[in-house]
Structure formats: C-alpha cells, structure tokens
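Below, each chain spelled out in residue letters.
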Amino acid sequence: MSTEGCRVQVQEAAFNPAQLQDLLPASGAVVTFTGNVRDMSAAGSVHALQLEHYPGMTERSLQAIASEATVRWSLRAVHILHRVGRIEAGESIVWVGVCADHRGEAFAACEFIMDALKTRAPFWKKEHGAQDARWVEARDSDISRAERWQLTRTGDAGMGPCG
Amino acid sequence: MMLTVRFFARLREQLACEVLELPCEPGLDTVAALRASLAARGPVWQQALEDQNVLMAVNQSLAEPATPLSAGDEVAFFPPVTGG
Numbered sequence: 001m002s003t004e005g006c007r008v009q010v011q012e013a014a015f016n017p018a019q020l021q022d023l024l025p026a027s028g029a030v031v032t033f034t035g036n037v038r039d040m041s042a043a044g045s046v047h048a049l050q051l052e053h054y055p056g057m058t059e060r061s062l063q064a065i066a067s068e069a070t071v072r073w074s075l076r077a078v079h080i081l082h083r084v085g086r087i088e089a090g091e092s093i094v095w096v097g098v099c100a101d102h103r104g105e106a107f108a109a110c111e112f113i114m115d116a117l118k119t120r121a122p123f124w125k126k127e128h129g130a131q132d133a134r135w136v137e138a139r140d141s142d143i144s145r146a147e148r149w150q151l152t153r154t155g156d157a158g159m160g161p162c163g
Numbered sequence: 001m002m003l004t005v006r007f008f009a010r011l012r013e014q015l016a017c018e019v020l021e022l023p024c025e026p027g028l029d030t031v032a033a034l035r036a037s038l039a040a041r042g043p044v045w046q047q048a049l050e051d052q053n054v055l056m057a058v059n060q061s062l063a064e065p066a067t068p069l070s071a072g073d074e075v076a077f078f079p080p081v082t083g084g
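The listed protein sequences correspond, in order, to chains B and Z. The first sequence: position 42 = 42 (this note's numbering), numbered continuously. The second sequence: position 54 = 54 (this note's numbering), numbered continuously.
What the hints contain is simulated information worked out from the structure, not anything from laboratory work. Predicted, not measured: the structure shown is a model, and the values here were computed from it. All residues carry an ideal CB built from backbone N, CA and C; glycine is no exception. Do not rely on the hints blindly, as some may be mistaken.
Unchecked claim - Cβ-Cβ distance ranges computed for the label pairs, FRET-style:
#1 Z:1 - B:88: 19 to 29 Å
#2 B:29 - Z:74: 46 to 56 Å
#3 Z:37 - B:144: 41 to 51 Å
#4 B:147 - Z:36: 39 to 49 Å
#5 B:129 - Z:53: 20 to 30 Å
#6 Z:74 - B:36: 32 to 42 Å
#7 B:29 - Z:61: 23 to 33 Å
#8 B:103 - Z:29: 44 to 54 Å
#9 B:13 - Z:44: 28 to 38 Å
#10 Z:61 - B:147: 15 to 25 Å
#11 Z:62 - B:50: 17 to 27 Å
#12 Z:68 - B:103: 27 to 37 Å
#13 Z:40 - B:13: 38 to 48 Å
#14 B:14 - Z:2: 36 to 46 Å
As the list claims (entries may be wrong) - A short list of chain Z residues far from chain B (calculated; beta carbon distances all over 12 Å):
#15 11
#16 15
#17 17
#18 25
#19 26
#20 36
#21 39
#22 45
#23 61
#24 84
Whole structure, please, built from the sequences with the hints as guidance.
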C-alpha cells in the first residue's frame, strides 16, 4: 500500500463522517466507524468532553496503529481522525475508515484500529456535567478487547509502509 | 544536557506541573530511576507516581521501567489513556 493510503488527523474542528467517507478511494469493501459523545456516563449526565492529548506522540501513535493494520491485513487505505479540545454531547469524536478488496479484512482492521487506539493513543477525556468535571477512568473491558488482537497476532508487526 | 519531563491529564493536575527540565545526572539512567527520583520530591509526588497504572513514554513511544535514558530525552508520565 502506498504511503498516501495511510492518513491520520488530530484536530479541534468538528467533522462530517459522510464527507470523510467520500474521500476514501474506490474499493470493494469500505468499513467506517464513528464514535459519538454520549450525554450520559456511569458518573452522571455529560454536557461535553474536554479531550487532552500529547501532541506529537498522538500522531506517531495513530500512524503506528494504522501502519500495523496494513501489515496485518491487505488494505487499500486507512484514515483515522480524532478530535481534541472541547466536544459537545452528540458530536462525533473519532472516525476510522478502512478500504480493502474484501469485507473480512476491512471489518477486522477497523475493529483492531479502534481497540488499539483505545489503549495506546495518548488521549484523556474529562467529562463536564451540569455541576462538575471529572476525568474518565480507563476500562478493563477496553484492555481485554485490545489483548484479543495480541492472541491472534502472527509474528511481530513492525512499522509498515506508512511508518 | 537536560531531560524534559512532561505530565498529562489527572497526573498534571495532581502535581500542578506540566513540564520539568532536569539536569541529566548520573544515576538517572532508566525511566524507573527517574520515577523514583521524582517521587522523592514530596508526598504529592510520591502518591501520584506510586500508582502502578501510571504509563511512561520516552521520546514519544511507550516505555518500560528499564527503558534507558540519555541526555536530551523527552520523558512523559500519564494515566491510562481514555480516547476513542
């Protein structure tokens, strides 16, 4: 896969998932994931999230995850976009688009990318409710989901063509 | 030469510190050694850094306690990530 096939973006601005999907190259299978900010959490109502990140490491980490996906599966394109800063409830926070010849690769790669992003990419959410703000705790279920991919790992997936 | 040390999210708030520039002294040769040295700054630092869930990065890649340090490195300490 060419270097242009791997794209990562970290931005404050809101985005339109339909417009992002239109930019993906023509291919047999396209799988996209959009994550939205829910208005409720275990801790109560959520008005908005404040997303902190580690500039530099964030982009490197997303690039490494995209690259690892291209090593593990035969893909035509990978695009990851993640917002930072203040994000209102109901707005989209993350988007992943994967193009492949067949659905199996596209589904697997998209899920892998999200599971890896959840446990490796340096983002931190702070929930703003009606009265207070609190840091979101990491969830064990996210770690278990990411670990599933290590069990099925075939060899060491180092830096791929996008690295 | 110096080490740059960054803190993020809850850890940054607990320590009231975003970034430190430290002289790269003999003995500060691994991430674990740096973490122990920072924890000795006081009770708040000790409490924040003894949390086993705290993650570490060297030059913007996730690191282990034994990851070696050299002058000019950028080290970061932060809580488990919660993006996505």
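Hints versus structure:
no., hint, in the structure
1, Z:1 - B:88: 19 to 29 Å, "violated (44 Å)"
2, B:29 - Z:74: 46 to 56 Å, "violated (40 Å)"
3, Z:37 - B:144: 41 to 51 Å, "violated (34 Å)"
4, B:147 - Z:36: 39 to 49 Å, "violated (29 Å)"
5, B:129 - Z:53: 20 to 30 Å, "holds (24 Å)"
6, Z:74 - B:36: 32 to 42 Å, "holds (33 Å)"
7, B:29 - Z:61: 23 to 33 Å, "holds (32 Å)"
8, B:103 - Z:29: 44 to 54 Å, "holds (50 Å)"
9, B:13 - Z:44: 28 to 38 Å, "holds (36 Å)"
10, Z:61 - B:147: 15 to 25 Å, "holds (20 Å)"
11, Z:62 - B:50: 17 to 27 Å, "holds (23 Å)"
12, Z:68 - B:103: 27 to 37 Å, "violated (44 Å)"
13, Z:40 - B:13: 38 to 48 Å, "holds (43 Å)"
14, B:14 - Z:2: 36 to 46 Å, "holds (39 Å)"
15, 11, "violated (9 Å)"
16, 15, "holds (14 Å)"
17, 17, "holds (15 Å)"
18, 25, "holds (25 Å)"
19, 26, "holds (28 Å)"
20, 36, "holds (23 Å)"
21, 39, "holds (21 Å)"
22, 45, "holds (19 Å)"
23, 61, "violated (7 Å)"
24, 84, "violated (4 Å)"
Checked against the numbered hints given earlier, the structure breaks hints 1, 2, 3, 4, 12, 15, 23 and 24 and satisfies all the rest.
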